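A.B. asks: So you can see what is in the structure, the chains are spelled out below.
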Amino acid sequence: MIELLFLLFAAVAVGAAINVLVQKHVLYSSLSLIVLLTAISALFVLMQAEFLAVINVIVYAGAIMVLFVFVIMLLNLPPDEGGVDRLRWLKFVGIPMGLFLLFMVARTVWKVEGTSGAPDLAGTSQAIGASLFTDYLLPFELTSLLILIALMGAVVFAKKDL
Amino acid sequence: MIPLNWYLILGAALFLLGMLGFFLKRNVISLLLSVEIMLNAVNLTFVAFSSRNGQISGQIFVFFVLVVAAAEAAVGLALVIAMFRNRETLNVDRSNLLKW
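These protein sequence lines are chains A and B, in that order.
For what it's worth, this note's numbering labels the leading residue of the first sequence as 305, then goes sequentially.
For what it's worth, this note's numbering labels the leading residue of the second sequence as -15, then goes sequentially.
Hints are not guaranteed to be accurate.
[As the list claims (entries may be wrong)] Pairs of lysine-lysine residues, derived as DSS-like cross-links and limited to a Cα-Cα distance of at most 30 Å, are as follows:
{"hint": "1", "chain 1": "A", "residue 1": "Lys328", "chain 2": "B", "residue 2": "Lys83"}
{"hint": "2", "chain 1": "A", "residue 1": "Lys328", "chain 2": "A", "residue 2": "Lys463"}
{"hint": "3", "chain 1": "A", "residue 1": "Lys463", "chain 2": "B", "residue 2": "Lys83"}
{"hint": "4", "chain 1": "A", "residue 1": "Lys328", "chain 2": "A", "residue 2": "Lys395"}
{"hint": "5", "chain 1": "B", "residue 1": "Lys83", "chain 2": "A", "residue 2": "Lys415"}
{"hint": "6", "chain 1": "B", "residue 1": "Lys83", "chain 2": "A", "residue 2": "Lys395"}
By construction, these hints were calculated from the structure, which means they are not laboratory data.
Only a predicted model underlies this, so the values are computations on that prediction, with no experimental measurement involved.
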């Protein structure tokens, strides 16, 4: 049963990722990416990482993707003009090479030993919070600095007279 | 229980798709979206290893990856706006001021 759920959400994730790549307009791409994020969150739930599943939906699908969609609509983009000439043949090389790389990576990770038969660690907000505010307190505080810098950078870059 | 390998292969496939998109697409926003796909693939692998090995650190890392992704999206989209304002296009091949 749980394997079926995994296969369902994995298929949704891969399908949405392919759809992100083949769509002509970036708005449809970003909407498809939201589907991908939802599928990833479902996979997190299957792995007992409930806190991250919720955070993934709220922060990624809720904040970051809304920012993307907002900017796409703000810019009023012209339709995609297609690739420049010198790149016309690139995908006929790139896709086989990518598939080859996927094959090599998959062959390697297939050999990874499954770990102990213990049940999955529950990633509750209690467990994550306890770790975040003790062992990882300094990195956690530094991320707030990072967010502040990114905020100021975004304001500066989006100014009118850059 | 789902084998760990299934998650790893799904993560590898998603990462490869994101990488293909990053190399093949020409639109700046598409490139940013491809980066998001790659970040999610890595997150999936982190969580898979974390919950299977019984260590919470991997999930903390995913938390930090989320923070960095948010910062990256904010700055990247501000740059996209600046680029569109100056060049009237989002095609990365047309931003070639530094090329001779």
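A.B. asks: Please go over all the hints and tell whether each is borne out by the structure.
C.D. replies: Now for the hints, and whether the structure bears them out:
For the hint pairing Lys328/A with Lys83/B, the CA-to-CA distance comes to about 27 Å; that is within 30 Å, so the pair holds. The straight-line distance between the Cα atoms of Lys328/A and Lys463/A is roughly 29 Å, inside the 30 Å bound, and the hint therefore holds. Between the alpha carbons of Lys463/A and Lys83/B the distance comes to roughly 26 Å, so the proposed pair stays at or under 30 Å and holds. The suggested pairing of Lys328/A with Lys395/A holds, with an alpha-carbon distance near 15 Å, which does not exceed 30 Å.
With a CA separation close to 44 Å, the supplied pair Lys83/B and Lys415/A exceeds the 30 Å bound. Annotation: proposed proximity of Lys83/B to Lys395/A holds, straight-line Cα distance about 23 Å (limit 30 Å).
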